[in-house]
Amino acid sequence: MTSKHGPIHSSKDLPKNVFYFEVLLYASLTLDALSIAFQDRSTTEGISESTIMAANIVAASILLLFVFLVHLASRGRKSWPRWLLTASLVFSLLSLSQILSVYGLQFDSFIEIISSALTGAGLYYAFTGDAKDWFNA
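When we follow my numbering, the leftmost residue of the sequence shown carries the number 3, and every step to the right adds one.
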């Protein structure tokens with residue numbers, strides 16, 4: 003089966019490491035979506051309701067972009083999305099370290115740590131084992 007973006011591969015066709023990459027990244031993105039869904043949306047003197055709504059729309063858009071990148075890497079056999087996701091993880095870890103240094107370990111940051119660990123594990127699988135042949139073909 004093909005689409006305008008190339009061949010579509012079923013789960014049976016995916017190498018084991020690519021499958022793990024896909025599952026771990028989708029689990030991480032699900033945690034991120036739940037974290038966004040349960041964020042504090044109360045307005046304060048410095049933050050208006052429209053600013054909060056805009057931030058949520060941007061966050062949801064970025065999550066959808068990441069879902070597309072995971073799909074493009076795992077099903078479309080594109081290598082460059084893995085590198086974008088890796089760069090995103092690096093920036094996320096830098097941001098997380100700053101948040102931890104200012105606020106310490108809180109529930110939100112704990113969820114972000116788990117999400118980052120899932121992403122890191124998934125990206126490890128994307129660059130190792132039978133995934134190398136999948137992306138180099």
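Wrong hints could be hidden among the right ones.
Unchecked claim - Quick list of the computed label-pair ranges, beta carbon to beta carbon:
(1) SER50 with THR130: 40 to 50 angstroms
(2) VAL92 with ILE38: 37 to 47 angstroms
(3) ASN58 with ALA89: 46 to 56 angstroms
(4) LEU36 with VAL92: 19 to 29 angstroms
(5) SER52 with ASN138: 17 to 27 angstroms
(6) ASP15 with SER99: 33 to 43 angstroms
(7) LYS134 with ASP42: 14 to 24 angstroms
(8) LEU67 with ASP15: 51 to 61 angstroms
(9) ASP15 with ILE101: 32 to 42 angstroms
(10) SER103 with SER81: 47 to 57 angstroms
(11) SER99 with TYR126: 42 to 52 angstroms
(12) ASP110 with ASP132: 27 to 37 angstroms
(13) LYS134 with ASN58: 30 to 40 angstroms
Claimed, not checked - Under the rule of at most 25 angstroms between Cα atoms (straight-line distance), these lysine to any residue pairs were calculated in the SDA-like manner:
(14) LYS80 with ASP42
(15) LYS134 with VAL92
(16) LYS134 with LEU86
(17) LYS80 with ASN138
(18) LYS18 with ASN138
(19) LYS18 with SER99
(20) LYS18 with ASP135
(21) LYS18 with LEU91
Keep in mind the hints are simulated off the structure, nothing from the lab. Cβ atoms here follow ideal geometry from the backbone N, Cα and C, with glycine treated the same way.
Right, here's what the structure says about each hint:
About 46 angstroms separates the C-beta atoms of SER50 and THR130, a value consistent with the hinted range of 40 to 50 angstroms. At roughly 21 angstroms, the beta-carbon separation of VAL92 and ILE38 lies outside the given 37 to 47 angstroms, and the hint is violated. Our hint of 46 to 56 angstroms for ASN58 and ALA89 is violated, since their Cβ atoms are close to 23 angstroms apart. Take LEU36 and VAL92: their Cβ atoms lie about 23 angstroms apart, and the range 19 to 29 angstroms holds.
Between SER52 and ASN138 the CB atoms are about 47 angstroms apart, so this pair departs from the stated range of 17 to 27 angstroms. Range check, ASP15 to SER99: about 38 angstroms between beta-carbon atoms, so the 33 to 43 angstroms window is met. A beta carbon spacing of about 43 angstroms between LYS134 and ASP42 contradicts the range 14 to 24 angstroms that was offered as a hint. At about 25 angstroms, the CB distance of LEU67 to ASP15 disagrees with the hint of 51 to 61 angstroms.
Restraint check, ASP15 to ILE101: a C-beta distance of roughly 40 angstroms satisfies the suggested window 32 to 42 angstroms. At about 34 angstroms, the CB distance of SER103 to SER81 disagrees with the hint of 47 to 57 angstroms. As the Cβ distance of SER99 to TYR126 is approximately 20 angstroms, the hint placing it in 42 to 52 angstroms is violated. Distance hint for ASP110 and ASP132: a CB-CB separation of about 36 angstroms, consistent with the stated range 27 to 37 angstroms.
Between LYS134 and ASN58, the C-beta spacing of about 38 angstroms keeps the proposed range 30 to 40 angstroms intact. As the CA atoms of LYS80 and ASP42 are separated by approximately 37 angstroms, the hinted pair breaks the 25 angstroms bound. Straight-line distance between C-alpha atoms of LYS134 and VAL92 comes to about 21 angstroms, which keeps the hinted pair within the 25 angstroms bound. Taking the CA atoms of LYS134 and LEU86, the gap is near 17 angstroms; set against the 25 angstroms cutoff, the hint holds.
Proposed proximity of LYS80 and ASN138 is supported: the alpha carbons are some 9 angstroms apart, at most 25 angstroms. Taking the CA atoms of LYS18 and ASN138, the gap is about 16 angstroms. The hint holds against a cut of 25 angstroms. A hinted pair counts as satisfied when its Cα atoms are at most 25 angstroms apart, and LYS18 with SER99 does not qualify at roughly 32 angstroms. For the proposed pair LYS18 and ASP135, the alpha carbon gap of about 12 angstroms is at most 25 angstroms, so the pair holds.
Proposed proximity of LYS18 and LEU91 is supported: the alpha carbons are some 22 angstroms apart, at most 25 angstroms.
Hint compliance for this structure: hints 2, 3, 5, 7, 8, 10, 11, 14, 19 are not met, and every other hint is.
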